[in-house]
Each structure stands twice: as C-alpha cells, then as structure tokens.
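Colleague: Between the sequences and the hints, there should be enough to build the whole structure, so can you do that?
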Amino acid sequence: MVVAADMRRFVERFAELIEQNADTLTELDAAIGDADHGINMRRGVRAVLERLGDEPTPGAVLKTVATTLISKVGGASGPLYGTAFLRASAAAGSKESLDDADLAALFSAALEGLRQRGGAQAEDKTMIDAFAPAVGAFETALAQGHPRKDALQAARSAAYAGSDATIDLVARKGRASYLGERSRGHRDPGSFSTALLFDAAASTLSGDGP
Amino acid sequence: MKKLINTIESFVDEACEGLALAHSDLVQFHREPRYLARATAPKGRKVGLVSGGGSGHEPLHGGFVGSGMLDAACPGEVFTSPVPDQMEAAGRAVSNGGGVLFIVKNYTGDVMNFDLAAELLRADGIDVRTVLVADDVAVQNSTWTAGRRGVGNTVFVEKLAGAVAERGASADEVERVAKKTSEAGRSMGMALTSCTVPAKGSPTFELGELEIEIGVGIHGEPGRERTALVSADEIVDRLARPVMEDLGLKRGDQVIVMTNGMGSTPLIELYVAHRHVAQLLSGSGVTIVRSLVGNYITSLDMDGCSLTVLRADDELLGLWDAPVHTPALRWGA
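Line by line, the protein sequences give chains E and X. Position one of the first sequence corresponds to residue 1 (my numbering), numbered consecutively onward. Position one of the second sequence corresponds to residue 1 (my numbering), numbered consecutively onward.
If you are wondering where the hints come from, they were derived from the structure by calculation, not from laboratory data. Hints are supplied without guarantee of correctness; some may be wrong.
As the list claims (entries may be wrong) - Here are some chain E residues the structure puts well away from chain X; computed CB gaps all over 10 Å:
no.: 1; residue: Thr24
no.: 2; residue: Leu52
no.: 3; residue: Ala104
no.: 4; residue: Pro147
Unchecked claim - Derived, one-sided and incomplete: chain E residues facing chain X with beta-carbon distance under 8 Å:
no.: 5; residue: Ala35
no.: 6; residue: Asp36
no.: 7; residue: Ile70
no.: 8; residue: Ala76
no.: 9; residue: Arg117
no.: 10; residue: Lys173
no.: 11; residue: Gly174
no.: 12; residue: Leu179
no.: 13; residue: Gly180
Built from N, CA and C at the ideal position, the CB exists for glycine as well.
Modeller: Dropping the structure here:
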C-alpha cells in the first residue's frame, strides 16, 4: 500500500532527480525550445520541498505538489505537470492508502489531464510520448499478474524508451513545432523530465518501505 | 552583455516599479502575485480586460493599462509566460460583475496558464472569456505546429476591445469585437540582429554581419528564411506581400497599419520602412486610414521591425479613434 509518507518520498526523489538533471533539461530545451525547462522545473521542485508539510493522505501530498508547480513553474510545463498532479490528487481522493488499482487509476487520470491541457497526441514529440507508454506498461504488467514493484520498473523503462523515441520525431506542439523538420534529432525535454518522474516512482512507490 | 540591470531576479519587478512610478496616475503595481492594474478603477459595470505574457516586449502589455484599453496586465519573467495566480488575482481585481476578457497571445505556455486561471475564476462564478491572438503569417504550417504566434495585432485587439469595453458594452459584445479584430489583422517581422535574454547573457540566435532573418518571432523564433541583407524597400516587400496576400486585401479596402520597432531600431529607420509600406498599399488601391510608427511590441534589444495590417471597417475605425489614455498610447483624453 502507498501511504502519505511514500508519496512524500516519491516527490522528494523526483525533486532530487530534477536537481541532478536540471542542466541537461535546459540544454535539451536550448536545442529546440527556449532553454528554460531545467531552470523552471528546479524552481518548481524547490518550492514544493519548502511547502510540503504533514499532509495526511497521498492525495493531499499530490495536491500540494500540483498547486505549487502551477504557481511557480510557468511556461507550458507548469500547467502540464500541475494538471497531471491535480488530476492524480483527485483520483487518490481522501484515501489514506492506495492499492495497485488506485495507483493505476491515479496514473491514468494524470495522463488524461495532460492530454486535455496540452491537446497533444502520441508522436507529437511531447511529454505524452513518455507518459502514455509508462502508464500503458504499468497497467499491462499488473494485468499480467506481476507485482507492483515490477510494474513500476516496466513503467520506468517504458518512459525512458518513449523519451528516447522522441529523438526521431518532428515536433507538432509547443515552441519546437516552429522548427518543423529541424526539430528531428533532438530529444524532447518534457519527455525526459517525465521519465525522471517514473524513475522516482519506481524507487519509492513499490510499497516495500524505504 | 551590457545592459541596464541590477540583478536578473529583480529585473522584471524593478521595471514594473519604474513604470508605476512614471505613471502613478494611470497604473498601480501589485507585487505578489505580480500584475499591473489601473490606478483608478473604472466607474460602473464594465467588462474587465486582462492581458499578459512574458516580459521583454515593452510597452506591451503594462504600457497599455489605462482608460480605453486594458484593466490589468500580468508580466511573466522575460519571455516566460506568467503563472495562473497572476491572472486569477488580476481577473478578480478587475471583475465587477460585468465579466472578464482574457486577451492571450497564441503561445503554448500563455494559453495553458490563462486557461488554468480562467478555470479557477469560473469556479467562483466569474464569467471569463478568452480571445486568442494568432496573427504571425511567418508561420505557414498551422496544422502541424502550435499555430500562428500572437504578435503585433495584440496591440490592435487591446485597443479596440478596450474602447468598446470602456463604452460599457456587454461581455458578448466585447468578445465579439476582440475576435473580429483578431481575425482582421496579420503581421510579419524581421531581425537585423538577435536579442539577448538577460538570464542567458548571450544572443538567442546568431546572424552574420550581412544576414537577416525574415519572419522572426518576438522571442527570436526562426522565421521563413535567412537571407543576405537587402535594402529597406526590399525588406518591406518581403514582409508586406505575405501579410497583404494572407489578409486577401482588395482594392478599396481600408486598413490601420503599424510599423513597429523590435527594440533597438532607430525611429528614422522605421519611417523609411513605413514609407514603402504606404507605397505598396496605395499601389494596390488600399487606403491607410490610420498609422502607428514606433516601438509597441518589442523583443528586448533586437534590431529589426515588424508590420501589422488590420482591415478596418467603420466600426473598428470608430473604436480606434475612441479616447485612450495609457502610458504608451494616448489620444482624445
């Protein structure tokens, strides 16, 4: 089961991965966007760490993350990550602990929120290209009877693979889309931060303690 | 990088402070969350006009806060969209029962942040409408991109929607005028040099000494083509023809024209450019009924210019001539 403390560890791990990769995210963004993804995400997760308190439920933790990212990150990634966390929080509701099915519902609500906010489809070279395969891999692994730990690993791998696959895509959303064919050959920065998100989930939400 | 800057962190706040100090009769600065609003609230029920976007395009948007134009502007960091808290607070501040209209330039971040703010305000029962400005004809493939960028026509949308709102028109009416203006205007810009974002400290893109970028965006986004430096008249040809063609201008049409500087362009050069804009339009039998030449929507220290043409019927022309009193635009008041 995932309780508030697990969710907090997930958020802290995500913040740590963003800190470690902030320069990489900004460099990826410099190639096809406006060179601020790492800077903006770092500002966001630092504010999240400051604001996180003793939220009683996983849903409440996610809500703090959502509102903080929405008010601190700006750009497109603020509303996108903010919406994803907000929908995840709503899906978690006020439950004190989440089981496998709850976690699957939470991931899928987050993905649906991203789709609505950004209007992106698969292969538009966006975060969706990492997020959707990760959610799909998680659901498939659970359906095949794998334990949650393995399902989260599958999600992590699918997110990184999805991010790798954005390199060969031409951007059709966001600022990179103005480059057209010239956006090919570069990784989408949002897909990489999404992979970091599932990386954080894999090491913190398996339900077997710290 | 040589700039008039204290610190990168305080840059936008200090500029807002300066604007409010210079025009304390017109504009008030709210620091947290950051927005600029009219110093004196308009009397009676009036649709509240809120715009905003990344900073670095001054006088857009803060310079257009005042009677006959915007009620509030939300400046983000340089070239970074503002966050929903800003538009939510500004929207709440200017809403007095008549509804709120968001004027949003078509950039992914701006659209999403304004959307979120609109959701938050609607949850409190405030009637929020949004009008997108997407006038940059340099973006040819709108289907497979984020769509046309919002550039110079934003000034016209803010002026004309502001004028009709000032007359006490309903939210439906203000929204109609804003949409009509948004659909009737087209723009295209060019760069002689790149801009330099303070936080980055180096030019956004590289242009050779004898190169220019035709169709550049107001954040230094790539345009239609990079070519060798040519004469002012030839540059204006390459901006005006796609604009006129896209607008489908016909003999006998009336237009309002803005020949705009990108930030580092001397006014004398803008007049040279405007001269040929006028020649081209009148050569096609199009009448320029009003003109604006100067820096109205800039790109930090970029050198270059943009052209915006708005097809103006009697309604839009009447709204253009209505009194306006803002830091950057003033007549009849």
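Colleague: Which earlier hints can't be squared with this structure?
Modeller: none
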